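Following the hints, position chain B against chain A.
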Amino acid sequence: MTPILEVEHVRKSFGGVVANKDVSISVPPGKIYGLIGPNGSGKTTLFNSIVGQHPVEAGSIRFEGREITRLRVPQIARLGLLRTFQQTRIYRGMTCMQNMLISVPPSELGWRSVYRRSSAADERKAEDLLRFVGLHAKRHLPGGDLSFGQQKLLEFAMALMSEPKMLLLDEPTAGINPTLINDLLERLRQANRDFGITLLVIEHNMRVIMELAEYIYCLAHGELLAEGKPEEVQTDQRVLDAYLGAT
Amino acid sequence: MKLPGARQLALPAAVLAFGIFLPLLAPAYRTQMAFLWVMIVFALTWDLLGGQMGYNSFGNVLFFGVGMYACVVIQRDVHLGYYSALFLGMGAGAALATAVAALIGSGLLGLRGHYFAIGTLGIGIAAAEFTAGWDFVGGGSGMVPPLYPGAVGARESFFYYLCFAIAVFTFPVLRFLYAGRFGLAINAIRDDEDKAEAMGLRTTHYKTTAWCVSAFFLGLMGGVVGNLLGFVDPREIAFASSTYGVWMVLMAILGGKGTLWGPVLGAAVFDVTQELFWKYLLGWQRVALGLLIVVIVVFFPRGILGWARERWPERFGQRAEEPAAEGGT
Numbered sequence: 734m735t736p737i738l739e740v741e742h743v744r745k746s747f748g749g750v751v752a753n754k755d756v757s758i759s760v761p762p763g764k765i766y767g768l769i770g771p772n773g774s775g776k777t778t779l780f781n782s783i784v785g786q787h788p789v790e791a792g793s794i795r796f797e798g799r800e801i802t803r804l805r806v807p808q809i810a811r812l813g814l815l816r817t818f819q820q821t822r823i824y825r826g827m828t829c830m831q832n833m834l835i836s837v838p839p840s841e842l843g844w845r846s847v848y849r850r851s852s853a854a855d856e857r858k859a860e861d862l863l864r865f866v867g868l869h870a871k872r873h874l875p876g877g878d879l880s881f882g883q884q885k886l887l888e889f890a891m892a893l894m895s896e897p898k899m900l901l902l903d904e905p906t907a908g909i910n911p912t913l914i915n916d917l918l919e920r921l922r923q924a925n926r927d928f929g930i931t932l933l934v935i936e937h938n939m940r941v942i943m944e945l946a947e948y949i950y951c952l953a954h955g956e957l958l959a960e961g962k963p964e965e966v967q968t969d970q971r972v973l974d975a976y977l978g979a980t
Numbered sequence: 083m084k085l086p087g088a089r090q091l092a093l094p095a096a097v098l099a100f101g102i103f104l105p106l107l108a109p110a111y112r113t114q115m116a117f118l119w120v121m122i123v124f125a126l127t128w129d130l131l132g133g134q135m136g137y138n139s140f141g142n143v144l145f146f147g148v149g150m151y152a153c154v155v156i157q158r159d160v161h162l163g164y165y166s167a168l169f170l171g172m173g174a175g176a177a178l179a180t181a182v183a184a185l186i187g188s189g190l191l192g193l194r195g196h197y198f199a200i201g202t203l204g205i206g207i208a209a210a211e212f213t214a215g216w217d218f219v220g221g222g223s224g225m226v227p228p229l230y231p232g233a234v235g236a237r238e239s240f241f242y243y244l245c246f247a248i249a250v251f252t253f254p255v256l257r258f259l260y261a262g263r264f265g266l267a268i269n270a271i272r273d274d275e276d277k278a279e280a281m282g283l284r285t286t287h288y289k290t291t292a293w294c295v296s297a298f299f300l301g302l303m304g305g306v307v308g309n310l311l312g313f314v315d316p317r318e319i320a321f322a323s324s325t326y327g328v329w330m331v332l333m334a335i336l337g338g339k340g341t342l343w344g345p346v347l348g349a350a351v352f353d354v355t356q357e358l359f360w361k362y363l364l365g366w367q368r369v370a371l372g373l374l375i376v377v378i379v380v381f382f383p384r385g386i387l388g389w390a391r392e393r394w395p396e397r398f399g400q401r402a403e404e405p406a407a408e409g410g411t
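Chains A and B, in that order, are what the protein sequence lines are. Numbers given in the numbering used here equal positions in the first sequence, counted from 1, plus 733. Numbers given in the numbering used here equal positions in the second sequence, counted from 1, plus 82.
If we strip away everything but chain A, and leave its shape as in the complex, we get:
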């Protein structure tokens, strides 16, 4: 199967610090892949490179076979490759419903359609998705009034609203009540299964990522250290060393 996302030999440095050094990963469509690594190993930098947040120094990034290395953030987002942020980002002054209604697929925000009112179908869909993440009761509250965990759920719902083909999730369970984590994992699997969204997930919680992902890439010091099925990565001595700081 041709991969939906192909990252080849990507290099990105900030001054003297090389955050990504010759990183190559690929994700086939319809799968859930994981990206792990100790703090500062370059996971978020790789996400930023993929979505066009900053230019890369070398390498190429393809989405659905299309070269996106030089495209900018909104252009890549409009192709159906979205990301969520580690430090959750939502529209704080707008209600949850408004947050959802402005996250409609890009085709509904075209040169003319942007001047129309939100359709009843969009409102139903927004309510359904808010119910899906358990925020329906809060739908008329400003996004900024939600707790951090709830904002994460809202951000996830907004991403689903936009019907992406692929979603890059930066630590989706960080700051979420442990009793809710299983629930969230189920939502992520559902999004993957029922909406057909390919997921690439950065996660620090090992239990979570081992359970969720079918294939895992491990970064350390900006380089790809190991890859494989969860059980393989879990027992890989290099990965253990990297996490325990033995390198």
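Rather than coming from a laboratory, the hints here were simulated on the basis of the structure. Warning: the hint list may mix true and false statements.
What the hints assert, rightly or not - Interface residues of chain B toward chain A, partial, derived using beta-carbon atoms under 7 Å:
#, residue
1, 264
2, 266
3, 270
4, 273
5, 274
6, 282
Said to hold, decoys possible - A few chain A positions that, by computed beta-carbon distances, are all more than 10 Å from chain B:
#, residue
7, 751
8, 759
9, 819
10, 928
11, 938
12, 954
What the hints assert, rightly or not - Here are the simulated distance ranges between beta carbons:
#, chain 1, residue 1, chain 2, residue 2, range
13, A, 759, B, 255, 48 to 54 Å
14, A, 867, B, 357, 50 to 56 Å
15, A, 838, B, 357, 48 to 54 Å
16, A, 923, B, 197, 40 to 46 Å
17, A, 820, B, 255, 36 to 42 Å
18, A, 759, B, 251, 53 to 59 Å
What you are looking at is a predicted structure, and each value in this text was computed from that prediction instead of being measured. We treat Cβ as the ideally placed atom computed from N, Cα and C, and that holds for glycine.
Below, chain B without anything else, positioned relative to chain A:
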């Protein structure tokens, strides 16, 4: 505002009736009354960027001045009847102001937050100095629009109603924009522009459009005000950064920025207060105005409407149960 259908129409209807009959109440003050509507357009068009989109512009007065000069130049150089030349001039002024907004917007709107505010700060001053040195438009001594051909006293009424008509035209256009997805889009830009970009919104397009709409109405109003005052001066009238340029911001903040009716309310309160200062505190009017500004910022940081919403959330608050689709109040 949570208003039932009939009451939702009652407020605009009352404002409309007030505007139509106002000059009949006190004919001597028609020019001052016309300025009430000018101020409302100032506040409304400023709030489109500053309130709804989070881009605090101190340079909007540029579009007002551009419209004013374009109109008067057309009236001077195009040999048509008075009214044809006036309306052609107003149209040209609005078009030119919009074009200028599109042109400088593509560069300036790339600046964020405080940088945008600072970047726009010099625009009005630069335009005033540039115009003052340009002989084609009268240089520092300004220009005088052609005399109104009608009967004595009819002039004030004519321009009063023209200002009123532009204000009445501006309001529903903004209301329409805020009610659609466009309103949500510019609110999203205000709350988190990086997130809006990450979600694929065409932020540059929306920002430029918003500034162009703002410029269009300011340009249109500029032509009328030049004729209403009967004199166009680069520093004191057309590109008056320290008066009109600042007042736009204050009125929107006073009324409640980011709301539809807030700027209207703010402009009305500000204009009336200001006229009273001029009448009863002559000599101290600038001091009083300065104090008023301090009071606004200290006691009404969220504006009169924002304050009322906090006090009586059920009356002015955002609706609790219906789907929230409107960007206005």
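Hints and how they fare:
| no. | hint | in the structure |
| --- | --- | --- |
| 1 | 264 | holds (5 Å) |
| 2 | 266 | holds (4 Å) |
| 3 | 270 | holds (5 Å) |
| 4 | 273 | holds (4 Å) |
| 5 | 274 | holds (5 Å) |
| 6 | 282 | holds (3 Å) |
| 7 | 751 | holds (25 Å) |
| 8 | 759 | holds (23 Å) |
| 9 | 819 | holds (12 Å) |
| 10 | 928 | holds (17 Å) |
| 11 | 938 | holds (24 Å) |
| 12 | 954 | holds (27 Å) |
| 13 | 759/A with 255/B: 48 to 54 Å | holds (50 Å) |
| 14 | 867/A with 357/B: 50 to 56 Å | holds (55 Å) |
| 15 | 838/A with 357/B: 48 to 54 Å | holds (51 Å) |
| 16 | 923/A with 197/B: 40 to 46 Å | holds (43 Å) |
| 17 | 820/A with 255/B: 36 to 42 Å | holds (37 Å) |
| 18 | 759/A with 251/B: 53 to 59 Å | holds (56 Å) |
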